[in-house]
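Given chain C's structure and the hints, the job is docking chain D onto it.
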Amino acid sequence: MQIIKTDVAIIGAGGSGLRAAIEIAENYPQLDVALISKVYPMRSHTVAAEGGAAGVVQDSDSLDQHFDDTVSGGDWLCEQDVVQYFVENAAKQLTQLEHWGCPWSRKADGNINVRAFGGMKKERTWFAADKSGFHILHTLFQTSLKHPKITRFDEHFCLDLVVENNKIQGVVILDIAEGEAKLIQAKSVIMATGGAGRVYTYNTNGGIVTGDGMSLAYRHGVALRDMEFIQYHPTGLPGSGILMTEGCRGEGGVLINKNGYRYLQDYGLGPETPLGQPKNKHMELGPRDKISQCFWQEQQKGNVITGDRGDVVYLDLRHLGETKINERLPFIRELAKAYVGVDPVHEPIPVRPTVHYTMGGITTNAKTETSLTGLYAIGECASVGLHGANRLGSNSLSELAVFGQLAGQQAAEYAQQAEHHTIKPLQEKAQKIIARTEALLHSNGNEKMADIRQEMGDCMEEGVGIYRTQTSMQKTIDKLAELKARYKHININDKSSVFNTEFLYAIELGYLLDTAEAIAHSAIARQESRGSHQRIDEFNTRNDVHFLKHSLAYYQADKAPIIKYSDVTITKSQPAERVYGAASETKEK
Amino acid sequence: MTDKTIEIEILRYRPEQDEKPFPQQFEVPYHPDMSILEALQYIKDHLDSTVSFRWSCRMAICGSCGLMVNNIPKLGCKAFLRDYYPQKVKLEALANFPIERDLIVVMDDFIKKLEEIKPYIIPESDDKCLSEGTYKQTPEQMEKYAKFSMCINCGLCYSACPQYGLDKNFTGPAALALLARYNRDSRDAGSAERMKIVNQEQGVWSCTFVGYCSVVCPKGVDPAAAIQLLKVESSKDYLIGMFKPD
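These protein sequence lines map, in sequence, to chains C and D.
Counted from 1, the first sequence has number 36 at position 37 by numbering that gives the first Met the number 0; the numbering is strictly sequential.
Counted from 1, the second sequence has number 184 at position 185 by numbering that gives the first Met the number 0; the numbering is strictly sequential.
Next comes chain C alone, as it looks inside the complex (with noise of 0.2 angstroms):
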């Protein structure tokens, strides 16, 4: 077994991932990185990020705006204060990418453009055009490669960590072209592995968004908060799952029932806004929780439309006109045509809810450390506390960036004052899980591993999907516990050591095992209803009295997790009616 002595250790690298060994390599210049991905780094799913990333640069909006739309879109379940140091940093961030080359859209004098989003009083989502994340990824990517101190392992596969004295002391990963294993002894870890959307069946995410980090971390005694959190967003295509962004309704795009029918304003976003004219937190803009649950609702009434790929309303952008749709969503057009054979500027886009986006995650505190001594958690796999009940588009990316930077500033603060362990019991605990990964290798099992995958989302889309009842999610945990019974029977049929992507599968569906597992439970005990968790069974309202609570989930291996609840941060915003439309008027006068 290779043995490599590191600083920091970084998993992951995505947007946050790449900030934070950029953050160290630059400030921390003695500091050695080991930046570790499963893809080489340009394949993370930052990449598929379309709309944008929020920072305040008009000089109509104010922190104080991104502040209360951001708690008020979280439904009150936000940490107030890292919510704070977020809108401070956001675009101080945002254009530290731009020094680096992020080709942001600009106005005609050359400053930065901004867009509306959903739930944003103002316009304040930076983009590059529809594709925000595949730039912003590939601007970090590119940078990184400035610096000799990051050591990169692409394609590297994480096993486990390995924790010794209540620290964690490095990680065991797989390199997946040699199937060597190699001991990364590390002073940190930072962790950055993303979302874990493919619990569910029809998501906007790509294969690799499998909840690794949020397991490995999870099984690790790390609490994961806020698990039932999940975010459908409202326009994905259907049966792929393929994200249309966010951005489309930003620049005015509607979404329509099968009558033709703007029904966002039946269901308290109205009234409706005249075509072309989209006005912030009102129909279209509305957040995507809301905009989501509408869909399910017109679905009930039997307003959606029936197509070989399911249910689905559309969502015109026909009124754009073809050089808006060209310069500001050339990469909507092209999916749109390629993946379900509609012209936008033609033909209005059919579009249904799909998971999107884990707000929960790797309790971390304001300052991305976790209860793990040394092991810090940022971006998707994480929860810093910033999203609440329910999350803004456009604050994930400037998440990615304000975060990435801090974890690594206290990653590397805490890796200059830190010893290596000795590494003798650093090297039995590697030894050890060599041996339990070639054990499962070895699997030779009746259960076939891509139906319990299927049976997996399937469980989760019918039980902890956009509406849940006591009945619905007590089927799902059911499940759940079947098909992780059913995990230790699996049959790997490929027994080879190079490139062994059926095996990698395999572990992969462990971690997405324990992470639905994680969410079904914390689902089920909380008796209310609060953004993206939505019940409609007799806990239909929101519950400030006992669940203004985040919830944390213990992992229990083979028994139910166990659930606890503490508080939330509340600095300066009350918890109130969350209003949108016209209410949201009223509300401020």
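Derived from the structure by calculation, the hints contain no laboratory data.
Every value quoted in this text rests on a predicted model; they were computed, and no experiment measured them.
A couple of the hints might just be wrong.
[Stated by the list, open to error] Which stretches of chain D does chain C cover? Using the computed rule of at least three CB atoms under 8 angstroms from a CB of chain C, they are: (1) 12-22; (2) 61-68; (3) 89-103; (4) 106-115; (5) 128-141; (6) 177-188.
[Stated by the list, open to error] Below, computed lysine-lysine pairings styled on DSS-like, alpha-carbon distance capped at 25 angstroms: (7) C/145 <-> D/111; (8) D/146 <-> C/323; (9) C/148 <-> D/111; (10) C/106 <-> D/135; (11) D/127 <-> C/145; (12) D/135 <-> C/323; (13) C/148 <-> D/117; (14) D/146 <-> D/111; (15) C/563 <-> C/366; (16) C/91 <-> D/135.
[Unchecked claim] Label-pair ranges, simulated between beta-carbon atoms: (17) C/145 <-> D/200: 23 to 33 angstroms; (18) C/29 <-> D/107: 21 to 31 angstroms; (19) C/29 <-> D/190: 24 to 34 angstroms; (20) C/569 <-> D/190: 45 to 55 angstroms; (21) D/125 <-> C/419: 27 to 37 angstroms; (22) D/24 <-> C/453: 24 to 34 angstroms; (23) D/24 <-> C/301: 37 to 47 angstroms; (24) D/161 <-> C/296: 55 to 65 angstroms; (25) D/200 <-> C/424: 48 to 58 angstroms; (26) C/0 <-> D/24: 35 to 45 angstroms; (27) C/469 <-> D/8: 46 to 56 angstroms; (28) D/143 <-> C/454: 50 to 60 angstroms; (29) D/114 <-> C/322: 33 to 43 angstroms; (30) C/419 <-> D/138: 43 to 53 angstroms.
Quick reminder that beta carbons are idealized off the backbone N, C-alpha and C, glycines included.
Frame of chain C; chain D shown alone:
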């Protein structure tokens, strides 16, 4: 799913057990919406779990799933069975790269080439302070490099490039397009450093302007155009160098 099926032939290679690559046939249910990538996933889930390929986003932006479809470099997620049915589809690993296993190629040389061309902003003087705000860059200035910044690093252009096929030292289309992207960015002052790479024998002058790289590019980056623009710059460098030797 319909009752129709389509035949898919995959060039298999597992270095630990196969002496050389060999074709394997599969019959997959046909649906006109189905991409080549989805057909591969069907094969892996239901017919042979050992078939290996890279993939992730399914929406032609992560650049993972490049492969040869009937001898043409394509992204698996953006090539559809409907464009081949009822004919057989033949899948192979990207040409001009060593095969790691099955449809997976060794990308090391490609990644190394991206790394070597200094693909980052080299600012005029010391780093501009964040408190000074963003650089100004008009839409016209952006237009000068926008197209060349769209590369997803899928490697299809290297697969298409006859010159790279002959000489692996050639810097190649994607890396040169990325180089042009930074040289043409108004925020950058690193052109002179990068032109040394351009002017080398293995730089732009290896390109024989076949232009197939731009034909196969799934993102309209047009690396061939980038290389032609760099040739003009390189000629200028040469002329200036004649009158003003170092």
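Structure-based check of each hint:
1. 12-22: Three-residue rule met by the region 12-22 of chain D, so holds; n is 4.
2. 61-68: holds (count 3)
3. 89-103: holds (count 4)
4. 106-115: holds (count 4)
5. 128-141: Since three or more residues must qualify, the claim that chain C covers the region 128-141 of chain D holds, with 10 doing so at under 8 angstroms.
6. 177-188: holds (count 5)
7. C/145 <-> D/111: holds (13 angstroms)
8. D/146 <-> C/323: With Cα atoms ~18 angstroms apart, residue 146 of chain D and residue 323 of chain C stay inside 25 angstroms; holds.
9. C/148 <-> D/111: The hint holds at about 16 angstroms.
10. C/106 <-> D/135: holds (10 angstroms)
11. D/127 <-> C/145: holds (17 angstroms)
12. D/135 <-> C/323: holds (22 angstroms)
13. C/148 <-> D/117: The given pair, whose Cα atoms are some 16 angstroms apart, holds under the 25 angstroms limit.
14. D/146 <-> D/111: holds (22 angstroms)
15. C/563 <-> C/366: holds (22 angstroms)
16. C/91 <-> D/135: The hint holds at about 16 angstroms.
17. C/145 <-> D/200: 23 to 33 angstroms: At 26 angstroms between Cβs, range holds.
18. C/29 <-> D/107: 21 to 31 angstroms: holds (29 angstroms)
19. C/29 <-> D/190: 24 to 34 angstroms: Hint holds: Cβ distance 32 angstroms, inside 24 to 34 angstroms.
20. C/569 <-> D/190: 45 to 55 angstroms: holds (53 angstroms)
21. D/125 <-> C/419: 27 to 37 angstroms: holds (35 angstroms)
22. D/24 <-> C/453: 24 to 34 angstroms: Given range 24 to 34 angstroms: holds, Cβ gap about 25 angstroms.
23. D/24 <-> C/301: 37 to 47 angstroms: holds (46 angstroms)
24. D/161 <-> C/296: 55 to 65 angstroms: Because 58 angstroms falls inside the window, the suggested range holds.
25. D/200 <-> C/424: 48 to 58 angstroms: Between residue 200 of chain D and residue 424 of chain C, where Cβ atoms are some 54 angstroms apart, the hint holds.
26. C/0 <-> D/24: 35 to 45 angstroms: holds (40 angstroms)
27. C/469 <-> D/8: 46 to 56 angstroms: holds (51 angstroms)
28. D/143 <-> C/454: 50 to 60 angstroms: holds (52 angstroms)
29. D/114 <-> C/322: 33 to 43 angstroms: Once the Cβ atoms are compared, 38 angstroms apart, the range 33 to 43 angstroms for residue 322 of chain C and residue 114 of chain D holds.
30. C/419 <-> D/138: 43 to 53 angstroms: holds (51 angstroms)
The structure meets every hint from the earlier list without exception.
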